[in-house]
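**Student:** Fit chain B to the supplied structure of chain A, relying on the hints for placement.
2 protein chains.
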Amino acid sequence: MGSEKNRDIRLKRRPSGLPAPADFELVESDIPTPGPGQVLVRNLFMSVDPYMRGRMRDRKSYIAPFQIGAVLQGGAVGKVVTSNANADFLAGDYVVSMNGWREWFVSGGEGLQKVEARPDMQVYLGTLGMPGLTAYVGMLNIGGLKEDDRVFVSAASGAVGAIACQIAKNKGCRVVGSAGSDEKCAFLLERLKIDGAINYREHDDLSAALADAMPGVTLYFDNVGGSHLEAALDDMAEFGRIVACGMIEQYNASEGPPAPRNLFQIVAKRLTMRGFIVIDHLDMMERFQRDMKEWIAEGKMTWRETIVDGIERAPEALIGLFSGENFGKMLVKLSDDE
Amino acid sequence: MGSEKNRDIRLKRRPSGLPAPADFELVESDIPTPGPGQVLVRNLFMSVDPYMRGRMRDRKSYIAPFQIGAVLQGGAVGKVVTSNANADFLAGDYVVSMNGWREWFVSGGEGLQKVEARPDMQVYLGTLGMPGLTAYVGMLNIGGLKEDDRVFVSAASGAVGAIACQIAKNKGCRVVGSAGSDEKCAFLLERLKIDGAINYREHDDLSAALADAMPGVTLYFDNVGGSHLEAALDDMAEFGRIVACGMIEQYNASEGPPAPRNLFQIVAKRLTMRGFIVIDHLDMMERFQRDMKEWIAEGKMTWRETIVDGIERAPEALIGLFSGENFGKMLVKLSDDE
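These protein sequence lines are chains A and B, in that order. With positions in the first sequence counted from 1, the corresponding number in my numbering is that position plus 4. With positions in the second sequence counted from 1, the corresponding number in my numbering is that position plus 4.
Just chain A, same shape as in the assembly (with noise of 0.2 Å):
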C-alpha cells in the first residue's frame, strides 16, 4: 500500500440528457483505517447499471436521488485486507457490498455479503448478483413463466436480458430477444440459443421484425420500453403478460418518449403491465443463488461481460450502457486480486 492513495468518483451535476464526463468527479483521498471492529476492504470490481442514471435525478422515486458531491453507490466486490477485530469478516475475505465507484472502504460489515469463488468474484454483481436476480424475479414471480410461453426478451444480451432468457429456455419455452448488434444476435442464438434475435438498428418498423420472428408473444420481459413496447404491445396475444423491468430507452430522455403509441393495446388484448424492482424481493436471493448455482454447474447458464480498467473509467463504462458499448454484464475492474 505505501504511498498509495484512495480514489473515488462524486457527482459533480446532474446531467442534463446523455450524462457527460464532466458530470462527474474523481477525488483522491487516504486510504481510510478501520476502527475497532471495522473492517478495510479494498474494490476489486464495481457495477455500473442503467437503473444509476435514475439515481442522478433530483426527484423523489424508490431509491433516494445522488447527492452532488457525495460518492456515488453501486453494487461492487472486493476483499478484505484488513480487520480489526471484526467477528464475521476476516482479512482474505471476499465481500459484495453497494460500496462501489470507490476503492477502497471501511465498514462494519453492514451490508456486507460473504461470497465464495474467489475466481471470477465478479459474476457476483452479474450472473449471480442483482442483474441475475432481477432476471429469476421478474420471469418467476412478476411473469409467472409457464412452459408454453412464447417470450420476447428485449435487450437480450446484457446483464438481465440473457438470464432472463436461459430462465425462459431452461422452462421450455420458446424464446426471441433483441440486441443491438450482428455480433450480439449471433451471441443469442448460438450461445443462449434461444430461437430468434432481432438486430433493433436494423428495422425501421419494429413491430413487423417482431411479428416476424415471433407472433403472438405471450410474455414480454422489458428491459428498453419505449420503440420495444410499442413492438411487443402490437404483436402480443390477447392476455399476454408484460414485465416491466426497465425502459432504458428513456433513461436520458429530458422530453417523454414518443413512444409507445399504442397503449389501448393494453385494453384490446386484456394485457397486464406490472412494474417490479428487485430490491423489495431480497428474500428471494438464497433460493435464486441456489437455482443459479445448480443452472451453471449443469452448463445451463452463460453470460458474457465487458470489462473497464481503472476508476478513472467508470463514468465512460456507465455512460456506454446507453448506446450498448458493453456486450452483457458491464464492470470496471478497480484493482488487481493480489
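Hint data in this document are derived by calculation from the structure and do not stem from the laboratory. You can trust all of the hints, since none of them are fake.
Heads up, the list lumps identical chains together, so a pair's fine if it works in one copy or across two of them.
The calculated lysine-lysine pairs, modelled on DSS-like cross-linking and capped at a C-alpha distance of 30 Å, are:
no.	residue 1	residue 2
1	273	150
2	64	150
3	304	83
4	273	64
5	175	273
**Tutor:** Chain B alone, transformed into the frame defined by chain A:
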C-alpha cells in the same frame, strides 16, 4: 304501422379523426316481416358508446370492424310487436339486443335478453347493462377493490365512471373523480357523494390537481388514457393498480398520443396495469344485476342520462361523446313505448 318505414344507420365511409355526419348514411326500407318462429321488434332506445369508434377502423381487434355499407351495431332495448309462434318471446315483451342503429328488426330470438322493467327500460343499456357490468367487473374482478383503497376514476360522470365511483363508495373507499364541467363535478360531489371532483378543463397541470385532491391513489379506474393516465402515474402510491377500461382521449387520434410520458412510473412504483373487455365477463351478468338491483333499491346508486331524439340524430349523439356533450349515459330514443 300502416305506411310506416324502417330506418337504419349504416357506415358510409371510415372516419378520419373525429367521425363526421357524412361518415354515416340513413337508409329507409320496409318494415321486415317475421317468419315462422321469429319476432318483430321495435326498438325504443339505442346506446351509443365510445368503443364504437374502434369498430369503425378497418383493423383486427377484440371485436370485428364495422363494414362499409352495413348497418351499424350496438345495444338497444325494444318491444316485441309480433311474435310469429316464438315460444320464448311474446308480443309486449321488452328485449335487450345488440341490434341498435335500426328502428325495427326481426329475430329468431338469438342474442335477445328479456327484461322485466317497463318504466325506464333503458336502464338495461346503462346502469343495469353493459356499462354497469363494465364498472362492476373492472372494480371488483380486475381492480380487486379493497375497503382502504384510495380510488381515482376518470370520466367519472359517464355511464361507466359514475357506477365505478359508487361501487367504490359503497365499499367504503375514498373516491376522487374527474369530469369536463363544473356541473358534472357538482353532480359527482352532491349526488354520487364522492370525496373530490376535478374539472380537468380547468387545470393545465392535471398531475398537480390530482395530487392535491388525493395524494397517493392506490386504484385508478382509467376511462380516458393520455393526460389522465399520466396524472395518475405521477400521483399513484407504490404498488398501486390501474384498471385499463378505456382511453377515450385517443380513440380519434390518427397519430398515437404523446402521453403518458411517464410510463416508467410503472416500474419505479411497481404498478400493475391491467386491461379488460366486458364481453369476456358476461358470466358475471346475473350476479351483477342482482347486486345492482339491490343497490338501486337501497338508494345507493344514481346516474344521469342524456337522451337524443330520433335515429337520424344517432351519429350526432355518438360524435358528441368525444367532446363530453353527454351527461351520463348517452341514449337515442327511437320510438315512444305505445
